Each structure stands twice: as C-alpha cells, then as structure tokens.
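Asks: Protein sequence lines, in the order shown, are assigned to chains A and B. For what it's worth, UniProt numbering labels the leading residue of the first sequence as 1, then goes sequentially. For what it's worth, UniProt numbering labels the leading residue of the second sequence as 1, then goes sequentially.
Calculated directly from the structure, the hints in this document are not laboratory data. All of these numbers come straight from a predicted model, not from anything done at the bench. Where a beta carbon is used, it is the ideal one built from N, C-alpha and C, also for glycine. One or more of the hints may lead you astray.
Sample of chain B residues with no beta-carbon within 10 Å of chain A, all distances over it, derived [said to hold, decoys possible]: (1) 99; (2) 190; (3) 264; (4) 272; (5) 427; (6) 479; (7) 491; (8) 565; (9) 586.
Part of the chain A face toward chain B, derived, beta carbon under 10 Å [unchecked claim]: (10) 151; (11) 152; (12) 256; (13) 257.
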Amino acid sequence: MTQPRTCYVDISRYDPERGDQYPTMQRVQVPYDDSTSVLDVLQYVKEQVDSSLSYRWSCRMAICGSCGVMVNGIPKLGCKDFVRDYVAHKGVGRDHAANDAPALTIEPLAHFTGERDLVVNMDEFLTHLEAVKPYIIDPASRPNNPSAATHSQTPAQLARYQQFANCINCGLCYAACPQFGLNPEFVGPAAIALAHRYNLDSRDHGKHERMQVLNTHDGVWSCTFVGFCSDVCPKGVDPAAAVNQGKVESAKSMLIQLFKGSSIGDSRS
Amino acid sequence: MQQHEYDVVVVGGGGAGLRAAIAAAQASDGNSRIALLSKVYPMRSHTVAAEGGAAAVTRDDDSLQAHFEDTVAGGDWLAEQGVVDYFVKHAHRELVQMEHWGCPWSRQPNGNVQVRRFGGMKTERTWFAADKTGFHMLHTLYQTALQFDAITRFDEYFVLDIGVAEDGDEREVTGVLALDIKTGALHCIRAGAVIMATGGAGRVFKFNTNGGIVTGDGMAIAYRNGVPLRDMEFVQYHPTGLPGSGILITEASRGEGGVLVNKDGYRYLQDYELGPETPLGKPQNKYMELGPRDKLSQAFWHEQQRGRTGKHGTSDVVYLDLRHLGKAFLEERLPFICELAKAYVNVDPVHEPIPIRPAVHYTMGGILTDAQCETPIQGLFAAGECASVGLHGANRLGSNSLTELLVFGRLAGEQAWQRANARRNTPAKSDDMTAKTQYWQQRISAMQQNPKHAAVSSWPQLKQDLVATMERGCGIYRDEAGLQQSLNDIHELKVAYQRMHVADSSRGYNTDLLQAIELGFSLDVAEATCLAALERRESRGAHQRLETEYQQRNDEQFLKHSLVRWRDEQPATLEWQRVDTTLSAPKVRAYGEQGNAQASTPNRTQGGKV
Ligand SMILES: Cc1cc2nc3c(=O)[nH]c(=O)nc-3n(C[C@H](O)[C@H](O)[C@H](O)COP(=O)(O)OP(=O)(O)OC[C@H]3O[C@@H](n4cnc5c(N)ncnc54)[C@H](O)[C@@H]3O)c2cc1C
Ligand code: SF4
Ligand code: FES
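Isolated chain A, as found in the complex:
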C-alpha cells in the first residue's frame, strides 16, 4: 500500500450556542485518494477529528440535495465534488502536506442564514418552492378513482418539461444568485424552474395561477440574467432558461391582461 496523500482543508465553524459571533475557520489535515469527495472529507473530520462538526448529508450519490456547501467560494454538492480536482490545480506531485496552505475551503451556502457550522436555514427556500403551486392543477381530476386511465403524454411532450423536473432542491442556484443575495423575497431560480416544469406539463391547467406569482416584482422580473445559477446546477436543470422563458410568458400574460383591462398579479404595480 502506498502512503495515503494528504492535504489541508479549512472548514467554517460557527455555533451561536457557544457564543460565536461569527464563523471561524478550522484547519484540518485530511487523507484523500482519487475518489475522495468533499463529503468524505467532512465525514473523516467528524468521525476522526472533531465529532461536533455539523453538516447535512444522506444519499452520498448526488440525488437527495442535502449536502450543498461553498467550496473555494463556489456552490457545490459535497458528495459530487472531488478533492482530486482541487489538488490537481495546484500542480500534480506536489506534497500539499508540506506547506499547510489549504487546498479547499468549505463554507456554508452563501445567501442562506447560517444555523451552525455548515448547516443553513432551508425554510425560506422551501417557502419559495411552495409559493409557485408545484403540483398538477386540474379541475377535472377525480382523486382515487381506480378505473381512471392515465393521460396520454408523448415522449416529445414529456421532453418539454423533463429537464425542469430534475431539480433536487439543493439550493446551489440560490447561493449563486446575486439577486437572491440582495432580495431574499425573490422566488429564485429553482422555484421558477419548478413552476415552469408544471406550466409545460401537458396534464396541467394551472399556468394562470402560477403566473400570478411569477409576474410580480419578486418573480421573474427580479432576475437580471446573470446566469450563474445554471452554471452551478449539479443536475443540468438550467434554471436560467426557465427564468428567461418565464419572462416571455410573463410579458405575454401581462399584455393579455392589459388588453382585458384587468390588473396583473403584482399588487404593488
């Protein structure tokens, strides 16, 4: 067996119960190999170095959306981000243990309220998701009807919304979004993508209701189209595309409303 390689990582620590006013960095030396993820690093620290480190995780396979953190300032899923990609940047073969400059800095997701260490408050994010009525709205649907048939939906119809249905609610796009950073009321990329997912679903009839949320100042129009949300999305959802298409839809529905002479969704305008 070869000696395991090691590197240094800085981990943001914060526990208000212990009187911490602000986060501080804890530097730890950790072993790694080609398959070591950022989440593995945190597990190592918790189990071998300091069991009081708090962070969220479960699936360790990039599907549950629990483990979002900032790594060197960029929002990442801890379980799908690998140490190999950071140490490589610093030049292959150099022994990082020799100088203790950290290869990685791990911090809680930006723009969310920190609770403790790497755990952030997710409630505000979930409230935004709920606000867009993310479910099939179909006045004709009858619940629990065993004889009911499935709707027809062709692969092409499915393909229209499928990408937007792949969101794992990890929140990375909110940590990337400068507008959400300035205005936490902004419903944000994932919620808009989710609204779009249902709006594009051939089984749904709820677009009008959802557009009332998206039309507002805190809806699609808050976005200044930076596009960083799509860059950081670990699931290829492309929320920026959803926001953009949402703006087109929103403009359309505003025009229609204008012709009809009724007020649009934003009560403040």
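For chain A, the structure is supplied; the task is to place chain B with the ligands on it using the hints.
Replies: Just chain B with the ligands now, with coordinates in the frame of chain A:
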C-alpha cells in the same frame, strides 16, 4: 416540554410516509389534523435514490396471477399470500394515481406509459421515470402533499420513542416523543394513531446502497415497545453496487440488456442455474442477468471463491457491460447510471464495463403488522420498508417495493384515520409518555456526561465495529460460528454503548448526539437480524447457510416467519409464526431453463384465486 395534539402522526417523509399522510387527509375529507415528522426534509428521504421502477400488471399479455406467482416464488414461499394478492390487485391503480399527480413516467411513442423488464418478473411490468423513479415519485408525492391543509409538517424532527397506554392485555399507542433537531427541544405529540414509515436498516452493514439516515430507527422504536420484528434474517444484497461507496447501479441496466462478466469476460451466471446464456442485446425475463437478486449475489460469492473476480482498488469486483447498448440509448434510458459511474469510479459506461460488487440493499423483514398494516399495539401502524406486512417473504423482487410504499402507505393512512376517528371522543388514557420523556432526558445527558477517557468509546468507533461484524458474520453466506460470533460482538457493543461518550453538548443541530442515538437503534436491529439468521438453520431466499445440512430449503421445519422480541438488558428471544400459503403451495424455486420447465406445470393449489 412542548405538547401537541393531532389525529394521526406519520413518522417518516419518504414514499410510504407521504402516501400515508395524503391518504389520511383524503379519507377524513380534510377534517383531520395530521402531523408528518421526518428527521430530514421529506425530499431527502432515501426513496429519492430508487432508480429502477415500480411494478404493476399493465400489459394485455400479463396477469395478476403472474405477478402474484412471481412475488410468492421470488420470496421463496415466505410471503403472506393474502397480502400479495391484495398488493397485485391494487398496484396498478396506485401507479395511475401517481400519473394523475404528475409523476413523469417514461412513455411509449403513442403516449402510453412504458414498462421495462425487471429481475424475477415474468413479463415487463415495471413503470419507470428514466432511471430516477424514486426521485420523481418522492418529489411528486411531496409536492402533491403541499396541497393538503390537513397535513402539518415537522421537518427535521427526530423521533425517539412512542407513548403507550396499557389496559390489561390491550396496548394502545398515544403519540410520539420527538427531538426538534434545530433547537434540541423535546416535543410530545399525541395522536389517536401513529404510522411508522421510517425506512430500512441497510446502514447496519458496512457496504450498502443506502443513505446515511437509513439506520432502522422506527424498527427499533416499535421493537423496544414490544412489537416483534419479523423475518429480519432476510437482508437483500443487490448484485451491482459500485466498489468503495456502495452506490447502486440499478437492475434496470440489466433489464435494458446489460450483462455481467467476470475478470475473463465470461458471463458466469450460466454456471449457476440461470442459463443458458442469452444472446447479447436480447435479455430474457428470469434468465441470466434477469434472475433474482439473491441468486446473482450468491453467484458473485462463488466467483470470488474461485478466484475469477477482478480488482478495483481493494475491492473484488465483476463487471457490468453496457457498451453494446450504445451512447444514445444509454443517455435516454440510463442517464443517471452514466453520471454515477463517471463521478464515482471514473468509468464511462459507453466505452468501458463498470466494476461492481454486491452491496446490502434492502431489509425484507421489519415491524410485524397484520394485513391492514396495524401492529399488535392498537393504533400503531407501519408501512414501507420498515414494516413486515408480509409482501416480500425471503427475498424481495426489484420494483415491488416502490409500489408497496403506495399500496400499503395508502392503506395505512386510511386505516390510521379510521382508528383515530373512532378514538376522537374517547377520554385520554394514562400512558407512559412522562416516564419515556424522563428516560430520554437522562439518557441524553448521560451520553454527554459519561467520562471521556480512552477506555470509553465513541460512536464512530462502535459503529465501525458493528458494521464490520455484520459484514463478516451475517453476509451473503452464513454459518453458525460466524453468526454466533457476530451476536456476541453485538452484545459486547451494547454494553460498551452504555458507557459511550458524546462530545458535543450544544442543543441545536447536534448531529453528534443524533448519530449516537441512531447507533443505539442500529444495535438493536442488528441483534434481531443475527439472532434470526442463527436460528434459521436452512437456506431460503436471501438467507443462505454454508453448513451442508442447512444448504437446502427445509419446509418441514422452517416454512415459518421468525419473530424476534426485545428484552431490556437481556438477549432478545425468538419464536416462529405460521405462514399463509393458502393460495399457492410451496414448490421448488427455479429460474433459467429449470424455471421454464417448471412453469409448464400448474402452479396453484385448488381453489386458489387471484
Ligand atoms: C439505491 C436504492 C435503489 C432502489 N431502487 C428501487 C427500485 O428501483 N424499485 C423499488 O421498488 N425499490 C427500490 N428500492 C427500495 C425502495 O426505494 C425503498 O424500499 C423505499 O424507497 C423505502 O421507502 P420508505 O418510505 O419506506 O422509507 P424512506 O424513503 O427511507 O424514508 C424514511 C423516512 O423516515 C424518516 N425517519 C427515519 N427515522 C426517523 C426518526 N427517528 N425520526 C423521524 N423520522 C425518521 C426519514 O427522515 C425518512 O423521511 C431502492 C432502494 C435503494 C437504497
Ligand atoms: S435548479 Fe439545480 S441548483 Fe437549483 S436547486 Fe435545483 S438542482 Fe439545485
Ligand atoms: S448527500 Fe445527497 S446530494 Fe449529497
């Protein structure tokens, strides 16, 4: 301490818990108060990781009888046949209901739902949403549940115990005791009915496909309160986990035509009564790669003994070859598998075979319930992987459990609402909630105050010992000596656990404490698993004994469920329970050509009806 009153408490926000909560809300027409507790946000529950699909008879050339037979034979005749019968009849309508709620099922060109092959299933009947079926089901259920005002969510609440009222021989559930993870405060949530939907216990083993939260909590809570755990010896190894992490590569990869080869590129399954070899690109139901999971995992073990496995890092592996399926097809049908293989073993399945090995995947056994999902404690229900309603017997067929979450989640929700409604106006009985609260308060502070010196262990250390001994003694093949050793190890670990030290003394987000408590639950579940495995001196389904005299199925002595009972500070005890085989008498369980020969003989006993 905060007190709350609800009609129904659902513990668990996975597929089973969410389906149950929706059903209870619907059954009460919205006139109920339902609390949904989960130690993680519901969409983080491990249902999210299910890839392959959910089974229900769908095609014209399929029949309920065939699904029934596949499930009963797949479970090596240890399934409750009345329960299987109910299941196959209600499976399809539940998947249709999911379609109405927006689940993005994969489709045929004509717009109908597409079905795929799955191991041990005679006909294509597995509905799927690409290779993220569980993810899409869970998000669909979560989002659908948002519409029901009757449901109040308690996200990140960790349930420690249930309250029980005793009245002579009658025992009734009265609610749950939970820790709010954010604040560390204890909450007492009373209810007329409680549904356990806490998922499996795969994390009791070292190498597994399960998420970190799958630690058997609900099983242990019911068990400590006197409900037996049934059929715990049956632990499913999935034949295709990634080496190192254990991350699952779905069976659908084989359903779609992937093949398994050993280090010589030989399709070894033909040597284990699963042949003859099927042509590349022409998978055939119940042959070769589409045999059931237990047989495939056992074949790996034999290949390993024969030195025909390869190496990936320190792991012995065989290979899943998907290359002949081509890039376009893989991207359409198995996109997640491609993503996982690239990220976690640095292999692109379009160009290279994926190294794989068996990993613990599914807990067939669980909390004993009757066919209506109720446990021997009145008002306490269980559904999903934590329950043993009797569907899977000695081995679960892939894609039956996602459907199980829906069929029995719904049933549990409806039944629980009925129980709660009947109890609504009855006076509250005196229960043990206060005593339980005191117990847990003391337990927690004891863990934090236990002296921290070298002789006193910490949970990471005990956990490592537990998962290692389970892997050693309670693996794919088992024998008396190994099982006895593991059982002894667990008894020692339980003693050490009492003296364990938890360093973190903060209240909020104290994951140090939570993992310590989870380990306590896991130790109890592990004990039940080992004891039942030790006492079952035969080989059946996923439980295989190495001793010559125990290598066969022995219906005379062991056509029975095991029931393990917990005893405080003493070793657990075991008894046996009759199995319902009224619809289909036990036969030899065979696959490949032998299975085909057998299928031509009538399969049902007289009078059996599906
Ligand atoms: C990788 C993988 C792939 C799979 N693929 C398939 C497939 O293709 N087809 C198929 O049919 N089956 C599949 N299965 C099996 C199936 O997915 C599971 O059996 C099923 O999802 C379990 O669902 P559940 O609702 O019972 O539990 P889970 O989804 O595990 O949910 C458990 C819930 O209980 C909560 N909980 C647990 N303990 C506590 C506590 N102490 N306090 C509060 N809350 C608690 C958790 O927070 C969680 O919300 C797969 C399993 C795995 C691991
Ligand atoms: S859109 Fe992408 S980045 Fe945003 S929450 Fe969803 S999966 Fe995460
Ligand atoms: S642990 Fe589930 S997404 Fe990372």
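Asks: Now tell me, hint by hint, if it's right for this structure.
Replies: Right, here's what the structure says about each hint:
no., hint, in the structure
1, 99, "violated, 4 Å"
2, 190, "holds, 25 Å"
3, 264, "holds, 26 Å"
4, 272, "holds, 29 Å"
5, 427, "holds, 33 Å"
6, 479, "holds, 30 Å"
7, 491, "holds, 24 Å"
8, 565, "holds, 31 Å"
9, 586, "holds, 32 Å"
10, 151, "holds, 7 Å"
11, 152, "holds, 3 Å"
12, 256, "violated, 26 Å"
13, 257, "violated, 26 Å"
Hint compliance for this structure: hints 1, 12, 13 are not met, and every other hint is.
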